[in-house]
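Student: With these hints in hand, go ahead and build the complete structure from the sequences.
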Amino acid sequence: MIRLDDVTKVYYGEKSATALQGITMEIAGNEFVSIVGPSGCGKSTLLKIIGGLINPTSGSRTVSTDNGPSSFSFVFQDPILMRWRTARENVRLPLEIQGCSLQKEAGIPELLKKLGLDGFEDSYPSELSGGMQQRVAIARALISEPTTLLLDEPFASLDEITRERLNDELLQLWKNKETTVKNVVFVTHNIDEAVFLSDRVIVLSGRPGEVKEEFTIDLPRERTSDVRYSEHFNSLRRKIRATIV
Amino acid sequence: MNTILKQFLPAIIAPFVGIALWAFIVRVFSIPSYLLPSPQSVLASISNSYPTLLYDAGITFSEALTGFALCIVGGTLLSISFQLWPITRRTLYPYLVATRIAPIIAVAPFLLLWLGNGFLAKAATAAVVSTFFTVINLMKGFDEVSGGARELMRSLSATRFQVLLKLQIPNAVPYFFAGIKAALATSIAGAVAAEFVSSNAGLGHLILTNYYYFRTAEMFGALLVLIAGGVLIFGAISLTERVFFSHYSVRREP
Ligand SMILES: Nc1ncnc2c1ncn2[C@@H]1O[C@H](COP(=O)(O)OP(=O)(O)O)[C@@H](O)[C@H]1O
Ligand SMILES: [Mg+2]
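One line per chain: the protein sequences are A and B, in this order.
First residue of the first sequence? That's 1 in our numbering, and the numbers climb one at a time after it.
First residue of the second sequence? That's 1 in our numbering, and the numbers climb one at a time after it.
What the hints contain is simulated information worked out from the structure, not anything from laboratory work.
Don't be surprised by glycine CBs; every beta carbon is placed ideally from N, CA and C.
Wrong hints could be hidden among the right ones.
[To be verified] Under the rule of at most 25 Å between Cα atoms (straight-line distance), these lysine-lysine pairs were calculated in the BS3-like manner: (1) A:LYS175 / A:LYS113; (2) B:LYS166 / A:LYS104; (3) B:LYS181 / A:LYS48; (4) A:LYS15 / A:LYS48; (5) A:LYS114 / A:LYS104; (6) B:LYS181 / B:LYS140.
[Unchecked claim] Derived DEER-like restraints, expressed as beta-carbon distance ranges: (7) A:GLY130 / B:THR240: 24 to 34 Å; (8) A:GLU121 / B:GLY116: 16 to 26 Å; (9) B:PRO109 / A:VAL10: 56 to 66 Å.
[Claimed, not checked] Residues of chain B placed beyond 10 Å of chain A at every Cβ, according to the derived structure: (10) ILE12; (11) ALA20; (12) ALA57; (13) THR76; (14) ALA102; (15) LYS140; (16) LEU167; (17) GLY229; (18) LEU232; (19) PHE234; (20) ALA236; (21) VAL250.
Tutor: So, in structure tokens, the structure goes:
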């Protein structure tokens, strides 16, 4: 469980900007949470604070260790693959940095396969499509066996069809408990995507970013692509859209 | 094969056209040979004296390449230290710029004075004047790492040293090659300049002594050998980059 209490973040500079103000939220175990809001409202900042990549200016972040230690992995909007490394070598990077674990390294081929990358293990990023590159980035995030996966608009630069396919796959991966991931925090400005994937959607309002509203997505957990066309899906979508001006 | 031929054909044909033109001009305007010898006489002088030419080329290129090797090793170590300890960058960088601002021909006499008239001073001149290129290019390669990549490394809790090793150094590979190509040219210039100041062998020595006797054809011969050797080494560097480091090329940025 991760808890933020009255978190504020100010970026100091020539023009100081309050990116986040008074954020209080809780992310429980086994929960898929999306954060939506217009661009510039502080979504990325919030995600980095949740993941401990940056510290809040005030307020606190607590990570409970009741269910064992937590670890965080990020997936960013750009895949940020190293052009001199093959898919396999890119996925191995976290292991090289965090001290090699042979057991985890042995899991690379299976993980690549799970993400639909079999046959591309030895391809360089320049030889992969945008969707494939992002799959490699997700594999790289999963290889260190995190408990929390933090994704920052991971599919924003992909075409609609590829994005839907990756949404489906991400959901499968998460639902089938094939990974060590307990929590997913997913930042997006795409409401469809947020509703489709999440248990809960948090809407941020912009400048400074504050929690505007929260929605529990009570769609059945057994979601297939078809859910997107259901009545309930649409009404949730509409409700969320209405809160964002 | 066809495309390779197309790419290099102009470069192959051009000298023949140039040489023909040169022969033509020398003949038509009957230019005295001490000003501009005919290509035939340059060729004759090369074939007459090729054992000495080869010997002198060996000397000059071993000076230049020793300096070149020193500048690669020294330049790489310097740039890495600039990255890891910014204080070294602030302290030494201005002096590094000074080594490049100072004219090569003016640097050489000092090194000859301090290191003697032989091989060592020539290699040192070559190294001193070319280190700058290795360093500034490597520094650029280390610095031009995207903010996203730095953030990724931070999210993986990479140490400063790991960031350098896994991200900055590989990123700098194409910059390194650009840098050492420029450094190669100045290494050769450094060795020859030092030979001009004081020497009793080498291609620079050959050019200078022949100059005193107006033996222009011999001067041309020495110059051509100097250029041919330099171009050959340059080609070897380019080939090494293409064959072994093609995946580091920025053109492959996804
Ligand atoms: N490193 C930074 N330095 C200064 N200001 C920043 C920095 N990162 C973000 N900001 C500012 O904070 C606000 C929120 O940014 P961000 O969290 O990236 O929003 P979002 O991800 O929702 O687009 C923006 O106004 C942005 O300009
Ligand atoms: Mg953002």
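Student: CA of B:LYS181 to CA of B:LYS140, is that 25 Å or under?
Tutor: Holds, at roughly 15 Å.
Student: Run the C-beta distances from B:GLY229 to all of chain A and say if the shortest one exceeds 10 Å.
Tutor: holds, 32 Å
Student: Would you mind confirming whether the straight-line C-alpha gap from A:LYS15 to A:LYS48 stays at or under 25 Å?
Tutor: holds, 21 Å
Student: A cut-off of 10 Å on Cβ-Cβ distance, and B:LEU232 was said to be off the interface with chain A. Does that hold?
Tutor: At about 28 Å from chain A, B:LEU232 clears the 10 Å cut-off, so the statement holds.
Student: Does B:ILE12 clear chain A by more than 10 Å, comparing its Cβ with all Cβ atoms of that chain?
Tutor: holds, 32 Å
Student: Is it correct that the beta-carbon of B:ALA57 has no partner in chain A closer than or equal to 10 Å?
Tutor: Per Cβ check, B:ALA57 is outside 10 Å of chain A; nearest 37 Å; holds.
Student: Any Cβ of chain A at or closer than 10 Å to B:PHE234, or is the non-interface label fine?
Tutor: It holds; B:PHE234 is separated from chain A by about 24 Å at its closest Cβ, greater than 10 Å.
Student: Decide, holds or violated, for the assertion that all CB atoms of chain A are farther than 10 Å from the CB of B:ALA236.
Tutor: The claim stands: B:ALA236 keeps its Cβ more than 10 Å from every Cβ of chain A (closest is about 22 Å).
Student: Holds or violated: 24 to 34 Å for the Cβ distance of A:GLY130 and B:THR240?
Tutor: holds, 32 Å
Student: Hey, does B:LEU167 actually stay past 10 Å from chain A on C-beta?
Tutor: violated, 7 Å
Student: Over 10 Å from every CB of chain A: does B:VAL250 meet that, or does the non-interface label fail?
Tutor: Violated, because the least Cβ-Cβ distance between B:VAL250 and chain A comes to about 8 Å, which does not exceed 10 Å.
Student: Is the Cβ of B:ALA20 farther than 10 Å from every Cβ of chain A?
Tutor: holds, 45 Å
Checked against the numbered hints given earlier, this structure breaks hints 3, 8, 16, 21; the rest are met.
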